[in-house]
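Add chain B to chain A, keeping to what the hints say.
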Amino acid sequence: MKKDIILAGVGGQGILSIATVIGEAALNEGLYLKQAEVHGMSQRGGDVQSNLRLSSEPIHSDLIAKGGADLIISLEPMEALRYVQYLKPDGWIVTNEVPFLNIPNYPEIDDVLAHIRAHKNHVLLNCEELAKSVGAPAQAANMVLLGAAIPMLGIDHDKMIAGIQRVFARKGEAIVNSNIAAVEAGYHVSVK
Amino acid sequence: MKKVLLGDEAIAQAAIDAGLSGVYAYPGTPSTEITEYIQLIESKQPKGIFCKWATNEKTAMEAALGMSYMGKRALVCMKHVGMNVCADAFINSAITGVNGGLVVLAADDPSMHSSQNEQDSRFYAKFAMIPCLEPSNQQEAYDLTRYAFDLSERLHEPVLMRVTTRMAHSRAVVETTEPRLQNDMSLPKDVQHFILLPAFAKRNYAELVAAQPSFIRESETAGWNNYIKGTNPEKAIVTTGIGYNYYAEAIPEFRNTDIPENSILKVTQYPLPTALINLMVADGAKEILVIEEGQPVVEELLRGMVPSDIVVKGRLTGDLPRMGELSPDCVRKALGLDPLPTYEPDAIVVGRPPALCQGCGHRDMYSALNEVAREYPSPRIFGDIGCYTLGALSPFHAIHACVEMGASVTMAKGAADAGQHPSIAVIGDSTFTHSGITGLLDCVNSKANVVVLISDNLTTGMTGGQDSAGTGRLEQICAGIGVEPEHIRVVVPLPKNMEEIKATLREEIDYNGVSVVIARRECIQTLKRHLKAAKA
Numbered sequence: 001m002k003k004d005i006i007l008a009g010v011g012g013q014g015i016l017s018i019a020t021v022i023g024e025a026a027l028n029e030g031l032y033l034k035q036a037e038v039h040g041m042s043q044r045g046g047d048v049q050s051n052l053r054l055s056s057e058p059i060h061s062d063l064i065a066k067g068g069a070d071l072i073i074s075l076e077p078m079e080a081l082r083y084v085q086y087l088k089p090d091g092w093i094v095t096n097e098v099p100f101l102n103i104p105n106y107p108e109i110d111d112v113l114a115h116i117r118a119h120k121n122h123v124l125l126n127c128e129e130l131a132k133s134v135g136a137p138a139q140a141a142n143m144v145l146l147g148a149a150i151p152m153l154g155i156d157h158d159k160m161i162a163g164i165q166r167v168f169a170r171k172g173e174a175i176v177n178s179n180i181a182a183v184e185a186g187y188h189v190s191v192k
Numbered sequence: 001m002k003k004v005l006l007g008d009e010a011i012a013q014a015a016i017d018a019g020l021s022g023v024y025a026y027p028g029t030p031s032t033e034i035t036e037y038i039q040l041i042e043s044k045q046p047k048g049i050f051c052k053w054a055t056n057e058k059t060a061m062e063a064a065l066g067m068s069y070m071g072k073r074a075l076v077c078m079k080h081v082g083m084n085v086c087a088d089a090f091i092n093s094a095i096t097g098v099n100g101g102l103v104v105l106a107a108d109d110p111s112m113h114s115s116q117n118e119q120d121s122r123f124y125a126k127f128a129m130i131p132c133l134e135p136s137n138q139q140e141a142y143d144l145t146r147y148a149f150d151l152s153e154r155l156h157e158p159v160l161m162r163v164t165t166r167m168a169h170s171r172a173v174v175e176t177t178e179p180r181l182q183n184d185m186s187l188p189k190d191v192q193h194f195i196l197l198p199a200f201a202k203r204n205y206a207e208l209v210a211a212q213p214s215f216i217r218e219s220e221t222a223g224w225n226n227y228i229k230g231t232n233p234e235k236a237i238v239t240t241g242i243g244y245n246y247y248a249e250a251i252p253e254f255r256n257t258d259i260p261e262n263s264i265l266k267v268t269q270y271p272l273p274t275a276l277i278n279l280m281v282a283d284g285a286k287e288i289l290v291i292e293e294g295q296p297v298v299e300e301l302l303r304g305m306v307p308s309d310i311v312v313k314g315r316l317t318g319d320l321p322r323m324g325e326l327s328p329d330c331v332r333k334a335l336g337l338d339p340l341p342t343y344e345p346d347a348i349v350v351g352r353p354p355a356l357c358q359g360c361g362h363r364d365m366y367s368a369l370n371e372v373a374r375e376y377p378s379p380r381i382f383g384d385i386g387c388y389t390l391g392a393l394s395p396f397h398a399i400h401a402c403v404e405m406g407a408s409v410t411m412a413k414g415a416a417d418a419g420q421h422p423s424i425a426v427i428g429d430s431t432f433t434h435s436g437i438t439g440l441l442d443c444v445n446s447k448a449n450v451v452v453l454i455s456d457n458l459t460t461g462m463t464g465g466q467d468s469a470g471t472g473r474l475e476q477i478c479a480g481i482g483v484e485p486e487h488i489r490v491v492v493p494l495p496k497n498m499e500e501i502k503a504t505l506r507e508e509i510d511y512n513g514v515s516v517v518i519a520r521r522e523c524i525q526t527l528k529r530h531l532k533a534a535k536a
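Line by line, the protein sequences are chains A and B. Counting in this note's numbering, the first sequence tops out at residue 192, every number present. Counting in this note's numbering, the second sequence tops out at residue 536, every number present.
Extracted from the complex, chain A is given alone in its bound form (with noise of 0.2 Å):
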């Protein structure tokens, strides 16, 4: 097993927070991990990535090279586009489809979404809708978008579902139950 993972967003979204629970369910399930993370002046909202890479054999490299990630997880649609060049042929973009705009020369964004529909392998979703339309908080907008990519993470949802219960459990019983809900959430509209 073998995946190299391309988290994206814009700083401060929380794209780590998605790479913890993954990190957490594939420690558990024994594979091996490496996360390279962006610190310092790029968290001051520009856009932010993070290379997430699993094996079940020994990773040497933290970055994932140009056309080497079978997945990129982003939670802003033109943050996905950033690192096409590193998506394998066949591999897949799950992203949020509502923008993040702070900037002043903003894509139209319906030629942003229709450049991700010209990828074979893709799912858009509104995440911040998903995760209110079952009462969790906007900011679990991260917890629906890795629910939509739990498909192609190849870890098991049920495992997923227990490294959200680990993850949290301190945070309490409402905050699991609520982030579980998100998850649940992205993960049907990728599997219907």
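The set of hints was computed from the structure by calculation and includes no laboratory data. No experiment lies behind these values; they were computed from the predicted model shown. Think of the CB as a built atom: it goes at the ideal place given N, C-alpha and C, for glycine as much as any other residue. Keep in mind that a hint or two might mislead.
Said to hold, decoys possible - Taking lysine-lysine and the DSSO-like style, the derived pairs with C-alpha atoms no more than 30 Å apart in a straight line are: (1) B:Lys3 with A:Lys2; (2) B:Lys496 with A:Lys171; (3) A:Lys171 with B:Lys535; (4) A:Lys159 with B:Lys3; (5) A:Lys159 with B:Lys2; (6) B:Lys2 with B:Lys44; (7) B:Lys126 with B:Lys189; (8) B:Lys3 with A:Lys3; (9) B:Lys2 with A:Lys2; (10) A:Lys2 with B:Lys333; (11) B:Lys528 with B:Lys496; (12) B:Lys3 with A:Lys171; (13) A:Lys132 with B:Lys532; (14) B:Lys202 with B:Lys126; (15) B:Lys47 with A:Lys171; (16) A:Lys132 with B:Lys333; (17) B:Lys52 with B:Lys528.
What the hints assert, rightly or not - Computed, partial: chain B to chain A, Cβ under 7 Å: (18) Arg171; (19) Pro345; (20) Ile348; (21) Pro353.
Just chain B now, kept in the frame of chain A:
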């Protein structure tokens, strides 16, 4: 015990387990998380490890040397440019030697993700003539840090640990080993070693020079540097630090071809292991590719160590990029592998540069400053290092220079000395205490016609909100070094105060002498955190 740790955290955990008594550091990407991790562990399970932030890298280095003098183990952490700030203390710590183990950690930032240059700290180790260690993965970062303290105590010299961004900020599973107790206090055997009068320093330096062969022997025999002869030893590859990972990543692809395998020398410890390099040459190496993160340090050194008919390739020959960090892609190319099939970059994507947070006090400060500056024919505003450097970008375009910590104050002074008016420095509170105070004293002593605008957000913001050395005392500090009290002004950068701030700035620009205007409002990131903590 197994833990998922950032490279930085692995170093911190190893230092704790090695019996650390004090960590001394000023925050700087990508080194900050080392000290933060030690602070976190110390807050949960106190072991009496000193871990408060230092005012700058020089005070950090000196305090660590003092702790080492007393026989205890000390760690100094900084980003690469911090090495310049502490260079005097660092270089001379190699002349004094150490008593308790002293490890200096420099985190380099090739590709300048959060920095103004990509200087390579391995030059500093060579300059100081001390051993240097460069881990290739998080486990090695842990193991090497533990070894570094032992090595430092055994050789009576400081040891430089060098990591780079991807090592510092990448997580993996690390297995920790049995913790060791802290050292008891003990005085150096020969106190004269720490008195660098020329007569004593000459003796110390001669000892350091004489010890060099033993440092090389340590590199050859300690087991961190590994040479493996390939089935085609005419081709050799030398890697350092994380350069090894990009090479190792490509090995399975080579195994699928009938290309005979090259020799490999994995360098983790410096000075370079001469015997292993000689072995590589004796095995028939004709072409050596050097894969190193940072500047071409080993590539240059090797050219002087191997016969001139051996071709040494790397960043200087264009086989790898001259600048920037390594990537799996550029290493694949240097190894002769084709790029993997993929997509072209999507042209619809536009840049998303970092920006000051919405609601940040620096924004209101720049709004006022820009309006006032426009009233003068030729204003010059000298910026400094911190979040507020982003004032150089859209929408503010407010600053005309930014060089290094503290330069705003002294460059504004130099410009004023040249006849510039208005000459304005913009500096954050933490940068001001780091390196601005001495410059302000220069201004006072020559009554320079400058305005020093301290944008005080009560924290070290850019690196994530660490304590700032002068919080609550900036007015006293400025008055103490001689700024006239009536020209130390405090404003609150909020939109509703715009007219008052502008009037204050105008008055102080028009005053012919040293003015300090402190624009004080808490960083909104730390404010959010404080409010959340208060609610919990």
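Original post:
Among all the numbered hints in the text so far, which are the ones the structure does not match?
Top reply: Hints 2, 16 not satisfied by this model.
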